[in-house]
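Two independent chains are provided; combine them into the complex using the hints.
Residue numbers (our numbering), protein chains in the order written: chain A, 1 to 407; chain B, 1001 to 1105.
Keep in mind the hints are simulated off the structure, nothing from the lab.
Chain A stretches covered by chain B per the calculated footprint, using a threshold of three residues with CB under 8 Å from any CB of chain B:
1. 61–69
2. 321–330
3. 375–389
Capping the alpha-carbon separation at 16 Å, the derived lysine to aspartate or glutamate pairs in EDC-like fashion look like this:
4. B:Lys1103 <-> B:Asp1010
5. A:Lys401 <-> B:Asp1069
6. A:Lys401 <-> B:Asp1073
7. A:Lys137 <-> A:Asp165
8. A:Lys137 <-> A:Asp53
9. A:Lys22 <-> B:Asp1105
10. A:Lys47 <-> A:Asp132
11. A:Lys48 <-> A:Asp132
12. B:Lys1003 <-> B:Asp1015
Among chain A residues calculated to face chain B with C-beta under 7 Å, some are:
13. Gln41
14. Pro43
15. Val294
16. Val298
These numbers were taken from a predicted model, which means no experiment stands behind them.
The beta carbon of each residue, even a glycine, is placed where N, CA and C say it ideally should be.
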Amino acid sequence: MRRIVIVGAGQAGLQVAESLRKGGHDGAITLVGEERWPPYQRPPLSKKYLAGDFADERLWFRPYEHYAKLDVDLRTATRATAIDRAARRVGLASGESLEYDGLVLTTGTRVRPLPVPGADHPAVCYLRGLDDAQRLKARLASARRVVVIGGGFIGLEVAATARADGREVHVVEALDRLMARVMPPLLSDFFAALHHERGVALHCGVQVSGLADDGAGAALVTLADGRQLAADLVVAGIGVLPNQELAAAAGLACGNGIEVDEFARTSDPHIVAAGDCTWHRNRLFDVPHRLESVQNAVDQAKVAAATLLGQPQAYADLPWFWSDQFDVKLQIAGLSTGFDDYVLRGTPSSAGFSVFYFQGTRLLAVDSINRPADHMLARRLIAGAAPISRAQAGDPAFDLKTLLTAG
Amino acid sequence: MPKITYVDVDGTRYDCEVASGLSLMEGAINNGVPGILAICGGSCACSTCHAYIDEAWAERVGGPNDIEDATLDLANDRRPTSRLTCQVQVDDSLDGLVVHVAKND
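The following block holds chain B by itself, in its conformation from the complex (with noise of 0.2 Å):
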């Protein structure tokens, strides 16, 4: 299962499993990430599960389509890393993915 970490807005840092097919949002929440809210339930359409990729991930997760982009513009501090974790699937390419939450409410 690939391994996915989580770094909160305190830097505490979640090292977790999160199976392949699952979205980065579920992977935070399955294992009680702190600040991915995630309310309309990964609809892209609240922007409250917006994290930053890892720079040494930045380019092979890619960017945002045009939804996530615009929804993006909703979040609080973007920056050229920033995604909706619930648009990023999680498959084996992604393990050791290093994710930064970001300030969601």
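Same shape as in the complex, but just chain A (with noise of 0.2 Å):
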């Protein structure tokens, strides 16, 4: 494989060109990216970066120079528009095209657009990219009232930058509870209390019918049962859509995601894919899955780079994921799909506890709020360093620790 091109400069397709050249390439390798900014970080943009004085340059994963010294093309503010796998070329929206050996597909997602009548008034901002952050920001800055349409993490973490810095916030959920395709109820009302003791209100189990202008620039959200909300900053967080376009239409197989294999490859043996875009296989679980977050682009990127590099190695790492709201850190380990039952340890607060999720005797995941200690011994015990039992799980005076240490 000498020439890999790179579709997609997001975290996954920064990391398949370090390991490429940590591996031992030394072809050419073009990474082509859409937004105009090089490689970045997004986690922080609905926290950090969204509550602050937080310079642009500060998200960059590596300097401008960096991308010299490891001689990648980065291409920025450019759109492949078309693959042609017979010819091994991706076409660019300018017209050029790209001839590859290997090609990887690190697309991302794109947020879904709010399905409503009126949903293009100017107050409505989404948070997926940096141009995104930069105009909520905008916007936040001078909004008194803020209407949040979502009640994920996207929407939460919002919620919480906006209100702990003393904007009147409203959350509308169309689900019954908070966060309710990844936790159970417990985790949903423990947030859904945060949220309301810090005076965020939050209206769960309705939708949103449409927005209107209120005749001064700012938005009426209507609600389905009548109510209106206006606001001076609509923020919709109601998920995203993998960006598979291009793969379809090359004739890729993509379902809710691009399809790969448990060694990233798609289904042309020229062509990987990692990140958010993949619909993909894990050996730790048994179910294929997609998902959006820094581990999966990072792990993903590096198997799919070490196929690449003809050394496969089988995905088999163990997906984290971390949100923090207020005062809280909330840490997943671990995929919870399947569980058939879980156990509490410790007591819902602030002060901290998690939620350990078995099926059969088989510890799953683990949640934990404000419990780092648990999260990181989590890790070890789900990717299979020692087995737990629910007793042991939900015994706060058991020290967790000796499972590591008993063998």
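See the structure below:
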């Protein structure tokens, strides 16, 4: 593989480039990104970046000159428009095309647009990329009333940041509880209480039916039950869609994401994919899935690079994730999909507790609230370092560390 | 601007100027110091910016808080002088600091 083209200059794309060089690839690497920025960190966009005086440059993973040192041809503000698999060529919007021996798709996701009338009101912001964050931050600076549509991670992080900064904040969630797709009711209740205590108004189990202008530049958000909320800023955080159109148009297998095997290979042997855009398999779990996380971007990118280097290694890294809301740090280790029972460790409060998810005798995942030590141990336990019983998990007096040293 | 010296795992020294207010991790990234990966971007979630504070400076820099302490348990070869560089903010009092990068991958 002499010439490698990477489409998507986010965390996964950068990691593939760095892992290729580290693994000894000395051929050309072209890293193509649609945004005008070099690869940057997304997690701070809903937190530190939004909260204060945080220069854009502090988000860059590497300074600009790093790419020359790494001998990576970084092409920002460049959109790939088509893949010609027979000719092994990627077409760019400029009309130019890039020939490849190996192609990497790290195209990420895009926000799901708000599907209601009036969604094009100028008060409506989304949050995915830095351009979104800049716009949101500017709008937030002069906003008094904020309505967040969607009670998932992004929505709640933005709500917490805006509320901590003194704004009047409403969160509207269509399902009957917060983070319902990824959290059990116990944790939804905990986060609902947290946001309520800090003065965020929560409206769960009600949909937004439309937006209109109030005549003074603000938005009037109408809920399905007829209530209206006036907002200087509306933030829609209702999920993302995988950027798989380029792959699908080239005939690669796609479902909810670009389909790859445990070696990050697509249905074309010359094309691998990694990160948020992939529907993938991980040896630690029985079911294929798509994951939007830093961990998956980095670890799956390493797998993709190893495949291109001709040293395939199956993906078997433990998923982990975090969310910061007010002074609460939620940390997730593993994937709870398919759990049949969970055990509480500690009492739900900001002082710290964890939830251990089991499937039979197997520990699948642990969600920790302000309990980083539980999280760190959980990562090892789920990866199979030692068995743990429900009774041990549920007994706060039992020191989990002894499980790792017992053997 | 405070001068910080990073020593990588091979013993190569990087004498850098790091603006006050940035973290030791950001200083390393901006100056291309190898081995400080910081994949979580400084959120104290991953331990891949692990380094050892030079013995002569360990007391002045101080120890980790609870979250960092727990996160350091994930790091390779933790020692008494271990810190996550994303959690150490640079200021004038650290002018001349020497930091030894840990094995982070």
